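All chains should be modelled from the sequences, with the hints used to inform the complete structure.
If you read the sequences in order, they're chains A and B. Going left to right, the first sequence walks through residues 4 to 373 as our numbering numbers them. Going left to right, the second sequence walks through residues 4 to 373 as our numbering numbers them.
Note that these hints are calculated values from the structure, not bench results. Fair warning: there could be bad hints in the mix.
Any copy, or any two copies together, can satisfy a pair, since identical chains are not distinguished.
What the hints assert, rightly or not - Restricting the straight-line Cα-Cα distance to at most 30 Å, the calculated cross-link-like pairs of lysine-lysine (DSSO-like) are:
1) Lys311 x Lys42
2) Lys290 x Lys42
3) Lys104 x Lys19
4) Lys311 x Lys290
5) Lys290 x Lys106
6) Lys5 x Lys311
7) Lys311 x Lys226
8) Lys106 x Lys5
9) Lys19 x Lys106
10) Lys5 x Lys104
11) Lys106 x Lys311
12) Lys173 x Lys311
13) Lys42 x Lys104
14) Lys104 x Lys311
15) Lys19 x Lys42
16) Lys173 x Lys19
17) Lys290 x Lys19
All values derive from a computational prediction rather than experimental measurement.
Letter by letter, the chains look like this.
Protein chains: 2
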Amino acid sequence: MKFSISHRDGAARRGKLVLPHGEVDTPQFMPVGTAGSVKAIAPDDLHEMGAQIILGNTYHLLLRPGADLVAEMGGLNNFMAWTRPILTDSGGFQVFSLSEKRKITEEGAVFRSHLDGREHELTPERAVQIQLQLGPDILMAFDECPPSQSPRHYHQTSLQRTTRWAARCKEEWQRRGGAGALFGIVQGGLHTDLRERHAQEIAALDFPGNALGGFSVGEEPEKMWEGVEHAAPLLPADKPRYLMGVGTPEDLLRCALAGIDLFDCVLPTRVARNGLLFTRRGRLQIKAARYARDPRPADGECSCYTCKTFSRAYLRHLFAAQELLAFRLNSLHNLTFYLDLMRGLREAIERGESRAWADSMLAGFAHGPD
Amino acid sequence: MKFSISHRDGAARRGKLVLPHGEVDTPQFMPVGTAGSVKAIAPDDLHEMGAQIILGNTYHLLLRPGADLVAEMGGLNNFMAWTRPILTDSGGFQVFSLSEKRKITEEGAVFRSHLDGREHELTPERAVQIQLQLGPDILMAFDECPPSQSPRHYHQTSLQRTTRWAARCKEEWQRRGGAGALFGIVQGGLHTDLRERHAQEIAALDFPGNALGGFSVGEEPEKMWEGVEHAAPLLPADKPRYLMGVGTPEDLLRCALAGIDLFDCVLPTRVARNGLLFTRRGRLQIKAARYARDPRPADGECSCYTCKTFSRAYLRHLFAAQELLAFRLNSLHNLTFYLDLMRGLREAIERGESRAWADSMLAGFAHGPD
Numbered sequence: 004m005k006f007s008i009s010h011r012d013g014a015a016r017r018g019k020l021v022l023p024h025g026e027v028d029t030p031q032f033m034p035v036g037t038a039g040s041v042k043a044i045a046p047d048d049l050h051e052m053g054a055q056i057i058l059g060n061t062y063h064l065l066l067r068p069g070a071d072l073v074a075e076m077g078g079l080n081n082f083m084a085w086t087r088p089i090l091t092d093s094g095g096f097q098v099f100s101l102s103e104k105r106k107i108t109e110e111g112a113v114f115r116s117h118l119d120g121r122e123h124e125l126t127p128e129r130a131v132q133i134q135l136q137l138g139p140d141i142l143m144a145f146d147e148c149p150p151s152q153s154p155r156h157y158h159q160t161s162l163q164r165t166t167r168w169a170a171r172c173k174e175e176w177q178r179r180g181g182a183g184a185l186f187g188i189v190q191g192g193l194h195t196d197l198r199e200r201h202a203q204e205i206a207a208l209d210f211p212g213n214a215l216g217g218f219s220v221g222e223e224p225e226k227m228w229e230g231v232e233h234a235a236p237l238l239p240a241d242k243p244r245y246l247m248g249v250g251t252p253e254d255l256l257r258c259a260l261a262g263i264d265l266f267d268c269v270l271p272t273r274v275a276r277n278g279l280l281f282t283r284r285g286r287l288q289i290k291a292a293r294y295a296r297d298p299r300p301a302d303g304e305c306s307c308y309t310c311k312t313f314s315r316a317y318l319r320h321l322f323a324a325q326e327l328l329a330f331r332l333n334s335l336h337n338l339t340f341y342l343d344l345m346r347g348l349r350e351a352i353e354r355g356e357s358r359a360w361a362d363s364m365l366a367g368f369a370h371g372p373d
Numbered sequence: 004m005k006f007s008i009s010h011r012d013g014a015a016r017r018g019k020l021v022l023p024h025g026e027v028d029t030p031q032f033m034p035v036g037t038a039g040s041v042k043a044i045a046p047d048d049l050h051e052m053g054a055q056i057i058l059g060n061t062y063h064l065l066l067r068p069g070a071d072l073v074a075e076m077g078g079l080n081n082f083m084a085w086t087r088p089i090l091t092d093s094g095g096f097q098v099f100s101l102s103e104k105r106k107i108t109e110e111g112a113v114f115r116s117h118l119d120g121r122e123h124e125l126t127p128e129r130a131v132q133i134q135l136q137l138g139p140d141i142l143m144a145f146d147e148c149p150p151s152q153s154p155r156h157y158h159q160t161s162l163q164r165t166t167r168w169a170a171r172c173k174e175e176w177q178r179r180g181g182a183g184a185l186f187g188i189v190q191g192g193l194h195t196d197l198r199e200r201h202a203q204e205i206a207a208l209d210f211p212g213n214a215l216g217g218f219s220v221g222e223e224p225e226k227m228w229e230g231v232e233h234a235a236p237l238l239p240a241d242k243p244r245y246l247m248g249v250g251t252p253e254d255l256l257r258c259a260l261a262g263i264d265l266f267d268c269v270l271p272t273r274v275a276r277n278g279l280l281f282t283r284r285g286r287l288q289i290k291a292a293r294y295a296r297d298p299r300p301a302d303g304e305c306s307c308y309t310c311k312t313f314s315r316a317y318l319r320h321l322f323a324a325q326e327l328l329a330f331r332l333n334s335l336h337n338l339t340f341y342l343d344l345m346r347g348l349r350e351a352i353e354r355g356e357s358r359a360w361a362d363s364m365l366a367g368f369a370h371g372p373d
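Printed below as a string of structure tokens:
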């Protein structure tokens, strides 16, 4: 992996990642392909909307269809017919948020599948091995992400273990040939001193890239933005910075301005399936009666197939009738919106106008749809 | 509407329909866009698979979003962004199969919506008016389709009423300007004498095209094929013949050989959503464990995006995980399979080899997937 930064504008960076399956312009948003599929979206849809990298969830793929099977089918790229880069997470976050009866020890985590109750074990070594089976361009260290309301002393204990796990991940990754780029993860919740110490520990392990975990796990947006503004500069400046699981369009703008390069989030696809469309004029609830006879596209400035082709009236009808096409068209739009937002921000960083551009976008979001 | 027949091969016909929104090569299959959407499929998907005409259901569109709304949005073509021809049914079949508390009189049918229980009325005049609001290339007369197990005397009474309704439909259609092509419908179940008499009555009304209704409503396939072989030649030979709501790939081949020009059926999309894929080697249940690590496409001879891009292993995984993409990919394949089947048959008719070609396809279907 190579990472270069061509422009800086305040804390914001305009960069380029060169990965085995292609190049990624940063700041960049990664659509989430949880179980080997970005929900309701096909690879050619992703190509058309300009997605450069997507995320796969190790936890989900481990449970179904299994990492062995994916490896046998030529890895995740080949299995899901996606030719561009993939980042896999380590499964840590899902073990601690989705699984049942989990038990955490120094060795790792034992848990039961939320699908069928079968017992699985993830250790730092195993998380790296599984990810190498999936064959991503970027893989993530196995970490613990404590609930945001956890007491401070739990955070402290957990951070120390996460650092030891990170070291074990790096060792295992190197022992297995070091394919892909392994990123370390800095936790610490909203405790600035814990973030600082953990960032130092993770930086000392000299990963090719680094991530912030444990944000957007229930705290107020303003608290999160503050936390990221504090934590982003703690990560090595010459390496890519990935903010995990974040967030809204507002979150992306604010955190990219704080120096984040990579984002992922299920939000645009999840809310799309609930009829929420992001637009340059804010959030549009497509089921609202006011759109029943509205011949306009969801977002008149959007270049996606949905906006170029269909009216709000039709999208409302599809959603009201719970037609399967609604899920795809809404998801296509929201993902395109996110990717175009990042593209606009990259261009604004190049011009040295990222703050003003982001402010004007944020004002538009706050306006509400016409 | 213009209809011309360029080749005859036994009873089979190779024809062309010229309609306001484009040309339709026959024999042809029409994907069903029940509520203004072919389930899980977008208009550009339909274009890519070569669909030339689709069907819209008056009953469903009347209940939601309403014919007035569709008319206000520029008609069904404009509303759903489909530029090629559309055929609408009259709503009769759904009134008699889906609605609640229906009451049939000489005037028409009063029924309650299966969605919200609201009362609606459909008369021959109203069915024509609603279809004209939707603006299709072909519209259908309002008929009664009695359950196949109805006693003979009920069929007789019903047929007489359907003839009177057909005459009223034609009058209303002409009074309103005669847009689109109105097709008459011949009922009669499996009673050959009733079919004959009704075909004469409907033919006497001189519709631009004619349909057979009341087949594939529960009877054995062989009985249906026999019934269609008997009934198809009863319809005027110089006008298009449409077999409503039929059927399986086997049904399409056998009935096209009997002289049918147009087909529609929800089967390919409905079973796709249940994981059944039609192939040149028969029916493939994608959830079967034997496909878990099968790197081959569903049908190696198929030209669809699904077969060109994805393995059986991946399709099985998507279906097992109930990923929304499964519904689209399976539906894409089955519809492409149906359209390609009809294309192959048209070419075989042109060569004068339709019987042999159909026999070899039927042998392949019976073989079962490798």
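Those earlier numbered hints the structure runs against, lowest number first
3, 5, 6, 7, 8, 9, 10, 11, 12, 14, 17
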